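> For reference, the chains in residue letters:
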Amino acid sequence: MAVFRFTVNGEPREVDTFPDRPLLEVLREDLNLTGTKFGCGEGQCRACTVLMDGAPALSCITPVRAAAGRRITTIEGLARGGELHPVQRAFAEEGAMQCGYCTPGMVLRTVALLERTPSPTRAQILEALQGSLCRCCGYPRIVAAVEFAARLRRSGSAASGEVLHAAD
Amino acid sequence: MPPIEAFEPDRFELFEPPFYRFEITRRQAIGTLAAGWLVTAWVADAQDQPSGERVEARIHLGDDGIFTVFSGKVEEGQGPRTELAMAAAEELGVPLERVRVVLCDTSRTPDDGITAGSRTTPGTVPAVRRAAAAARGWLSREKRLIENPRLREPGEWTILGKGRWRTDAREIVTGAHRFPSDIALEGMLYGCVLRPPAYGARLESVDVEAGKKAGAAAAVRDGDFAGCAARTSYEARRALEAMAATARWSGGQKHSHTNLFEHLRATAKEKVPPLGGRTHSAEYRTAYIQHAPMEPRAAVAEWKDGRLTVWTGTSNPFSVRAELARAFGLRAEEVRVIVPDFGGGFGGKHTGEAALEAARLAKEAGRPVKVRWTREEEFRWAYFRPAALIDAEAVLEGGRIRAWQFTNYNSGAAGLQTPYAIPDRREKYVPADPPLRQGSYRTLAATANHFAREAFMDELAAAAGADPLDFRLAHLENDRIRAVLLAACEKFGWRERRRQKRAAHRGIGLACGTEKNSVVAACVEVEVDPKAKAVRLVEIVEAFECGAILNPWNTRSQVEGCILMGLGAALREEILFDNGRVLNARFSQYRVPRFRDLPDRLEVILLDRKDLPSAGAGETPIVAVAPAMANAIFDATGARPRSLPLRW
Numbered sequence: 000m001a002v003f004r005f006t007v008n009g010e011p012r013e014v015d016t017f018p019d020r021p022l023l024e025v026l027r028e029d030l031n032l033t034g035t036k037f038g039c040g041e042g043q044c045r046a047c048t049v050l051m052d053g054a055p056a057l058s059c060i061t062p063v064r065a066a067a068g069r070r071i072t073t074i075e076g077l078a079r080g081g082e083l084h085p086v087q088r089a090f091a092e093e094g095a096m097q098c099g100y101c102t103p104g105m106v107l108r109t110v111a112l113l114e115r116t117p118s119p120t121r122a123q124i125l126e127a128l129q130g131s132l133c134r135c136c137g138y139p140r141i142v143a144a145v146e147f148a149a150r151l152r153r154s155g156s157a158a159s160g161e162v163l164h165a166a167d
Numbered sequence: 000m001p002p003i004e005a006f007e008p009d010r011f012e013l014f015e016p017p018f019y020r021f022e023i024t025r026r027q028a029i030g031t032l033a034a035g036w037l038v039t040a041w042v043a044d045a046q047d048q049p050s051g052e053r054v055e056a057r058i059h060l061g062d063d064g065i066f067t068v069f070s071g072k073v074e075e076g077q078g079p080r081t082e083l084a085m086a087a088a089e090e091l092g093v094p095l096e097r098v099r100v101v102l103c104d105t106s107r108t109p110d111d112g113i114t115a116g117s118r119t120t121p122g123t124v125p126a127v128r129r130a131a132a133a134a135r136g137w138l139s140r141e142k143r144l145i146e147n148p149r150l151r152e153p154g155e156w157t158i159l160g161k162g163r164w165r166t167d168a169r170e171i172v173t174g175a176h177r178f179p180s181d182i183a184l185e186g187m188l189y190g191c192v193l194r195p196p197a198y199g200a201r202l203e204s205v206d207v208e209a210g211k212k213a214g215a216a217a218a219v220r221d222g223d224f225a226g227c228a229a230r231t232s233y234e235a236r237r238a239l240e241a242m243a244a245t246a247r248w249s250g251g252q253k254h255s256h257t258n259l260f261e262h263l264r265a266t267a268k269e270k271v272p273p274l275g276g277r278t279h280s281a282e283y284r285t286a287y288i289q290h291a292p293m294e295p296r297a298a299v300a301e302w303k304d305g306r307l308t309v310w311t312g313t314s315n316p317f318s319v320r321a322e323l324a325r326a327f328g329l330r331a332e333e334v335r336v337i338v339p340d341f342g343g344g345f346g347g348k349h350t351g352e353a354a355l356e357a358a359r360l361a362k363e364a365g366r367p368v369k370v371r372w373t374r375e376e377e378f379r380w381a382y383f384r385p386a387a388l389i390d391a392e393a394v395l396e397g398g399r400i401r402a403w404q405f406t407n408y409n410s411g412a413a414g415l416q417t418p419y420a421i422p423d424r425r426e427k428y429v430p431a432d433p434p435l436r437q438g439s440y441r442t443l444a445a446t447a448n449h450f451a452r453e454a455f456m457d458e459l460a461a462a463a464g465a466d467p468l469d470f471r472l473a474h475l476e477n478d479r480i481r482a483v484l485l486a487a488c489e490k491f492g493w494r495e496r497r498r499q500k501r502a503a504h505r506g507i508g509l510a511c512g513t514e515k516n517s518v519v520a521a522c523v524e525v526e527v528d529p530k531a532k533a534v535r536l537v538e539i540v541e542a543f544e545c546g547a548i549l550n551p552w553n554t555r556s557q558v559e560g561c562i563l564m565g566l567g568a569a570l571r572e573e574i575l576f577d578n579g580r581v582l583n584a585r586f587s588q589y590r591v592p593r594f595r596d597l598p599d600r601l602e603v604i605l606l607d608r609k610d611l612p613s614a615g616a617g618e619t620p621i622v623a624v625a626p627a628m629a630n631a632i633f634d635a636t637g638a639r640p641r642s643l644p645l646r647w
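Quick note, the sequences are listed as chains A and B, same order. Quick note on numbering: numbering that gives the first Met the number 0 labels position 140 of the first sequence as 139, and the sequence is numbered without any gaps. Quick note on numbering: numbering that gives the first Met the number 0 labels position 402 of the second sequence as 401, and the sequence is numbered without any gaps.
Chain B on its own, in the form it takes in the complex (with noise of 0.2 Å):
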């Protein structure tokens, strides 16, 4: 079984450019780190970390007997709170109830990078596990602590496996829980930051004193940055709207959604020449989206003595301090950030905005500033998942692929590269120039590149004359895939539900693929409406497989709304835009998954491969559900839907 592939960061996950150059003069630092909490360290095998990683600040025993976690890692509904919890509880032998863990504060924890990539489980955990079970030996009688701890093996887990829902649950549904958004400081006041009516545009002049006279307590203009702050959000709104009155701009981006992809062919950075021959071909496009997380972008900031302290939603802190730092002319440790559990993330809070734009807006005003953007903000000024064009190629020889070729245009390498054995294969990600800011999403490319590439199997199986089935496991050698593939196909029924006759205006369709080490398969039941060219997903029955499964309930749970939100891209999410500025930037005009989109009957088959390291598992289930429904649309009507979302 040849490996998977390991993960390895995208270009989109590493930096998206700043949104604003501020002209603040360097001021001097007063003073030394106030904050900071050092606690006990505990780590033998500290050799054996990766480089930078700060473990000393990772398990802490407090008098009460209760023990604290440390990581910079965060909660945005993923699940590592709990799950780290989880792991340090079955490493040091003690029960769930006596481990708390404190995550993102940049003067507290440790930096464990930036919360994407499903890299929690097969990084952060295990670092969590070996400074649990080096801390087990000062619990013994000998009181030291172990070097190079054994940790345990999953046959020997008593908390790890089990499912387990959020510890903090209570918090959630009594409302308790203070969100980034719910963060407030005494003599706080709320604010508002001006847009411009177009990407790229340069704002000439504003007149800050209307908004002061219009009930701002601090109104401020510097660079292109506008914005004010107020008692009360109502009166920030006010004043606001009053100096948008007066504001002028320059400039401004011209392009529209009606162009995209005609853009991004002539804009590609590179020119990929024809395979040649008799190959099949076809084009797949994906359009622009949102991550849309339920909680907008927030912050509070507070300025003391020089120094910031930031109260944000972001799975960037430690690169957000440093966006801070930059912009203030600060040193990285006069910059604390502090991450609450945030609503929601999938991949779009990966940079620190309304963190910039309310520390610039509480150094005017003097006081601490909240700024949580609005709905439209969060649709227009929030970085997309980037579109795709993709153009597929391939050549068949006895009902095999001998030559495929596959490249990317403008949206990732992720998933680019095909798990099927090809003889030949060119695969390529080709940047282009992007008319809107793009950047991460959950499992970034490897939606556009698992849709096209299970999309066009389907078509290659249907020239073979082969059963999609059958066509994919002539050509898979991955085991893990074959294995998910199977299960989901068995329970399904895929075999005999292709020897009957669907009903009318009903169609079966499957995909499947790997990303970030996990592996995953779909079979769908979709019934279309041929004249409004409207589709339902009926059934789903999805198949999943991480390794060895951490805890099951949350890993259920992020593949069921990993399918629904899936299910969103295909049906009917796409970003319009004209003339640089978005048209629908509501959600009454961008329609995410509602409760009646739930299919009739939703599966989930995990299988828990207890011989294999764990997985990530909050990504990868979302890549199966596109191209499976493409599959089964063709399967009722004969015609091939070629974007997304789907249209035929």
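Chain A extracted, bound-state conformation (with noise of 0.2 Å):
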């Protein structure tokens, strides 16, 4: 056991506990932060995103150890004051979701896509996207969400990339 602080979307926070439990349960076990989804255990499915540091990390096999002075941000630190960001939105309005189990991982990953690339073609949406497992197979509404998102990110109807600087 040992102590470990980092920040969760915004707010510091302190765990004592084993150095390589999976960041993952940490999470949803001792922070009630349970938006982050169990999907594979092994970095095949992605629903378990969060953003370290603003990057895009795979919480479930991320030890907690690994995540000490990090800036963390999980699916429940992206809306602002009851305001989605653009990502969410897009998603809610797309319809780009089935069983919504994927959902938290597709939009952080998403946000993270767009920080780096603000106007990805299609091609580059299937290959950020590619590891990011949906068994409903709602593929071709999660594209169309993310050239959603793109566009209502570059129309600037919310401010772009505020999420993942908040913490800093």
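Just so you know, these hints were derived from the structure itself, not from any lab. Remember, it's a predicted structure, so these values are computed and weren't measured experimentally. Idealized CB from N, CA, C, for every residue including glycine. Wrong hints could be hidden among the right ones.
[Unchecked claim] Restraint-style ranges between C-beta atoms, simulated for each label pair:
no. : chain 1 : residue 1 : chain 2 : residue 2 : range
1   : B       : 152       : A       : 155       : 54 to 60 Å
2   : B       : 255       : A       : 29        : 54 to 60 Å
3   : B       : 106       : A       : 155       : 35 to 41 Å
4   : B       : 222       : A       : 2         : 39 to 45 Å
5   : A       : 154       : B       : 99        : 52 to 58 Å
6   : A       : 2         : B       : 243       : 48 to 54 Å
[As the list claims (entries may be wrong)] Covered stretches of chain B (chain A as the covering partner; in silico rule of three or more C-beta atoms under 8 Å from a C-beta of chain A):
no. : region
7   : 108-114
8   : 171-178
9   : 278-289
10  : 337-343
11  : 553-560
12  : 583-593
Now that you have both chains on their own, put them together as the hints suggest.
Next comes the structure, spelled out in structure tokens:
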């Protein structure tokens, strides 16, 4: 057991736990942030995606010790004061979900993609999301949502990138 | 036009054998049912309801003006939550925002049966509409229920028939929705279950104290069941490893996928003699596959005063309640099963394994316990879509099929009967001894039966020297199938493209069919890699018709999802097993469809038949893609793939 400190959605957090416990389980079981999902435990489905210092990370294979001192953003930290992040809005308005279990991971992957590539081509979207599984196979609607999110973001209807830097 | 056969429950819909038999003595129940929120009863035409339906708890009007609809159906991504809200709002004549839907909680909602077989749309929607139409009278000045209310015709619809996305999309995109695996109770422990080394192995002995020494707050062995629970999943896994190291097992099956089909033939309950005469024949095989929903099985169980409450993801909640009552010697009303909207099922969650396991561990621990299966457990111990061995045989005469014999070994009767007009038809489902635990799947056996039938129809068309489209049309009297087939072919440009020379390694194919009172047809183009014998779906145009469409946006989503899920079974999905043990129990070894499997063009045509009753849309669209691709591979290569996944 050891103490680890990091920020989650802008708040400093401290956990006293086993160093090799997956970050996913610390978020879900200790911090009650269940928006981040377990899908496979081997980094093959990306349902467990969180952002660490703005970059996507697979929390199911990230030991908590590797999160020490980092800025973590989970799906619960995207909306600001009740207003959805443009990517969340796009997923909701494009109906980019069936069961919705993969949605948090898809949304966070998309947030990271659009930070890096504000106007992705279809090929770039497929490339960026290739490892993210949706067993309902709602892929066409997810691609549409990513394209819509890019448009929303460009149109500046919501300040882009604020979430990624909010914890700074 | 001959009527399309009504839905009949397949045997796999009904029951799976219980996973465990607990040896627990019956305990006296204490007190009466504490739960239960009795709501206002508003149904005038109760006599018209199917027997056993507790329609009295269907709709409630709150003081806040919000209508609450109660249904025992469950949401697993197929869309009943929004559909039932739309149905109620339509008949109440109120905006959708004034309707809330409470889905399965066995203490609060009517028993609407299993959520399967595309039955919510034709069965539950009309029941909700009747109740809502009756309740509409309460809103009028007379404040009385309407007896035998008239339902609004599709031409009058203002909410039904219009596109809506999930009414709870906001909860999904913010991570606020609590799936079954997200439920957390005060003082809850996390549980793990000991699994056998092979199917059918018996637990001879295990040292549960080893688990406690390794950090488990509770550990138990009960017959073939053993497991433990701890403060965190991490500690529970470590304790389970310590227990597993002490476990001794005996027996277990020896089956392997390498002799699967020989085994099915050898153990068939009946030998069907060949037709005889000058026949065309072919044998088709479909592999065992796994549903692999993104959310593995999960349950939280809590005991209070001898009563059991379980939150779990299952499509068959009232049956799971009965399973739990049986296992723990309780009366049904002492068990409450709550089903939060869960992360996918596809016919794979008709049972209550995790619920039983969580309840057993919680009983031992004296605290609530959550059990969430690992991905490996989900691949190994959830039931499978059955493998199929299918013999198809036909006699051609003057370019027409005179006789047809079609035998499905092991996988089931759904979609067994050909929709083609053939004078002499012999269709049969013959059970065999399944080497793996098998059960329902999206359209059940209709995936296998459509694959074999539509691939064989193509073989017969070629033998008759006919175009695959013309050959089918010559045998099709079903106007609804003809309509979707022609719609898909027209949009795809079937006739022109058949005349044109295909690009190298490209081929086109089509398939059609009907199941659960809806009809589907698909045209595809594929590209084959002749060296690797691999295939890519380049283009698909699929036409689908399910009567009057209730929610066109969701219908389109379901069709798209079905096409791509069907693509997975066509391309790669296959459970490999040896010595009774699954070998590829991971997403890295069992490839499900991913973004890059998306075809260059995926076009869905929805034919909206407002003159026909609405049928479900979440299953049938899956059946066409695999056979259409098999036929396109033949067009490209001259070889006939006769197995799923597609091999030639």
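> Decide, hint by hint, whether the structure agrees.
Structure-based check of each hint:
1. 152(B) / 155(A): 54 to 60 Å: Given about 46 Å between the Cβ atoms, the range is violated.
2. 255(B) / 29(A): 54 to 60 Å: Violated, since residue 255(B) and residue 29(A) (Cβ atoms, about 43 Å apart) do not stay within the stated range.
3. 106(B) / 155(A): 35 to 41 Å: violated (49 Å)
4. 222(B) / 2(A): 39 to 45 Å: holds (42 Å)
5. 154(A) / 99(B): 52 to 58 Å: Because 33 Å falls outside the window, the suggested range is violated.
6. 2(A) / 243(B): 48 to 54 Å: Since the Cβ atoms of residue 2(A) and residue 243(B) sit about 31 Å apart, the hinted range of 48 to 54 Å is violated.
7. 108-114: The restraint on the region 108-114 of chain B is violated, since only 0 of its residues have a Cβ under 8 Å from chain A and three are required.
8. 171-178: Answer holds; 8 residues pass the 8 Å Cβ test.
9. 278-289: Coverage by chain A is violated here, the residue count being 0 at a Cβ distance below 8 Å.
10. 337-343: holds (count 4)
11. 553-560: holds (count 5)
12. 583-593: With 6 residues close enough to chain A, the hint holds.
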